[in-house]
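Build the complex: two chains, separate frames, hints provided.
Protein chains in written order, with this note's numbering: chain A, 39 to 232; chain B, 413 to 610.
The hints are simulated quantities; they were obtained by calculation from the structure and are not laboratory data. Note that the structure is a prediction, hence the values are computed from the model and not measured. Check before you lean on any hint, since a few could be wrong.
[Unchecked claim] The calculated lysine-lysine pairs, modelled on PhoX-like cross-linking and capped at a C-alpha distance of 25 Å, are:
{"#": "1", "chain 1": "B", "residue 1": "Lys503", "chain 2": "A", "residue 2": "Lys200"}
{"#": "2", "chain 1": "A", "residue 1": "Lys200", "chain 2": "A", "residue 2": "Lys90"}
{"#": "3", "chain 1": "B", "residue 1": "Lys558", "chain 2": "A", "residue 2": "Lys76"}
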Amino acid sequence: MIAAGDEQKTHHFRGKWFGFGPISNDEFLVFAIFEKTKRNGQRLSIGSFERKKLVDATQSIARQTFVTRATFRREVAERGEASKGKFIGISTIRVENVREIISEAWPLSSPRLIRGFGALDLVEEGDFDGHGTIGFLAEAVVPKARELGPLREFLIADLAEKFSEIMPLREGHWGSILSIATGRISTIWRSSTV
Amino acid sequence: MTHLRTIEADQRSTGEGEIQAWLAGASRNGTFACSDTVANVPERFAIMWNSNGTGGAFPVYTAISRAPPTAGVANAMPAQIRTIGSIRLEKLINEEKDASQIEDDCILYADASVRDALALIRRFNLSGAQNVVVSEDGILTIQWRKGRLGAMMVFTGDGNVAVSTAAPGKLYSQSPTQFPVTDGIPLGFLMVLKQLLA
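Extracted from the complex, chain B is given alone in its bound form (with noise of 0.2 Å):
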């Protein structure tokens, strides 16, 4: 953060003609009535601000095009179409973890476990899970059915996802998988996901 000065009023720029000339410089030595007012600049862009406001090397076009994204959202956000489906799971995960009962000192838990999960639903496109549970421990699981064939996905908060799959003689805690959220979802389990969607 840093304090910059708002230009409030200026005699001699406000006349027909001399506004080119201000802009060319002519006016640096001006006395400007300013106030202080507090605005969020990044702090590279701050240093070239010049304390008078009139002068000094900020690059106005190339700090627009270079304005810095959003620190951890953007890393998540792949740069493709987001389904309505898939906003919709977010929404829901979103509105579960505001419904829970979470204990204390498992907040930070669960939050990190719904980071975990919104960044895997948007990098995959997940959408149309049954059920969204987020436990008193933080623990967030997301589980799609059909049938007797399902798939679930559990995010512990600590940066790794548990996946498994049940289907007819087959239990969910029989053979589940873990990997980093960072890794992709491996694809045989995609390939139930895109069944139990199908």
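Isolated chain A (complex conformation) (with noise of 0.2 Å):
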């Protein structure tokens, strides 16, 4: 799950001067989706999503201005068609929609403010740079997790209902040269000056 404070950190595994730094409001997220996939017809389910990924905040995106298509190509949906089936086409959403997923009415006994997912730019040994993640926020899997069960799969359904309909894979404003070099030197200035 994501804390508080985290998704303005930076999580690549080589440290912050490397990558393209925390995901900001303004980019858009691309899943996968495979023959495995489950899916309402060209939309994404509740079933898309792995609840345990999810609550791990390790539920695997791409940061689509960071990378090329040729990169997603080979790095997810080749290397995910081994274990998922055929690679069918994308779905994507832009960060801000995903952050904006909030419940004012749980539990029902004291109801609070509960913001449901949020974005971190986790990078592990292995992933390209452009890779991400998207979980659950700590507020709403903690700490009764039970509790907040129902909440949570209201939450995984908007999240789902926010995603675009399914797209082939050339679609979409896919990173460039320009846009990832870019994106590289942001990174450095801001570590710098942080």
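Printed below as a string of structure tokens:
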């Protein structure tokens, strides 16, 4: 799960000078859909996401601005086909839409404001630099995971609704040499000033 | 459970004309060749069963008409005709549960979630759900969708069910409600379901 402040820090395994830094609200995230991915026709469904991965904040996504189509095809589509079946397409979501999913009506006994999800620039060894993850914020799953169970399911349904329709890989605004270079320079500049 | 005795042979009771006398009680003191066998007999009937197997006050016809229902199931089943769609949904839930990888310490929750869901489905003849998901921690979710409209029921296995609906500009997580499975489903939610299934 994502704790308060985690989204403002970098999570690249090599450190703050690498990758593209924390994910900003105006970025687009890409979710890969394979034959075995559950879906409702051309849209994602509540079964498309693995609960455990969302709770652990390890649900993989790609940061579209910082990944070329060729890299995505090689690192995600072709690699995933081995275990998840034939690659079907992609679905995208604006980060702002991930972070704006909130509830003010749960738990029913004492409702409070609960933000559902966050996005991290988590890059582990073997991942490409434009890799990231989405997951539940700590406030959505603790302190009583079971009591928050229904809310968690509603949040997942909202997340699925906010993703775009499934589209072919050729669509969307993929990263270019220019956007990737700009992202790297920006990350280095930010790291040197913090 | 109790031990009964099965009559294997009785020379006197096989003769012509003796059957009536035997039934009338004339042969009660006779010797029977018996062997032990085991059968499931409700305790309240078992105590009425004569040890010789030939007498006592065991009211056969009464016993049949008063045979106790299977515990739990009958209470959940209403006196109404189940629709095929409802039976299919029930089947889908069981299949989903079997296919899900549920954590060992959550299996009891998963069982309870499914039990609660089936009770409501049977009571209200619910059908036509698009998605059924059983999570690793045993939470069962049923979702109905039509375009941008949707309705969800979430069973956590604690005897409660949480429901919510979605529409353009309205998220599921915005105004969910929760109630005991033994209560009725809120009318508003049923109306949305009707709209989704129309």
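Comparing the hints with the structure gives:
| no. | hint | in the structure |
| --- | --- | --- |
| 1 | Lys503(B) with Lys200(A) | 30 Å, violated |
| 2 | Lys200(A) with Lys90(A) | 20 Å, holds |
| 3 | Lys558(B) with Lys76(A) | 17 Å, holds |
Hint 1 from the earlier list is the only one contradicted by this structure; the remaining hints agree with it.
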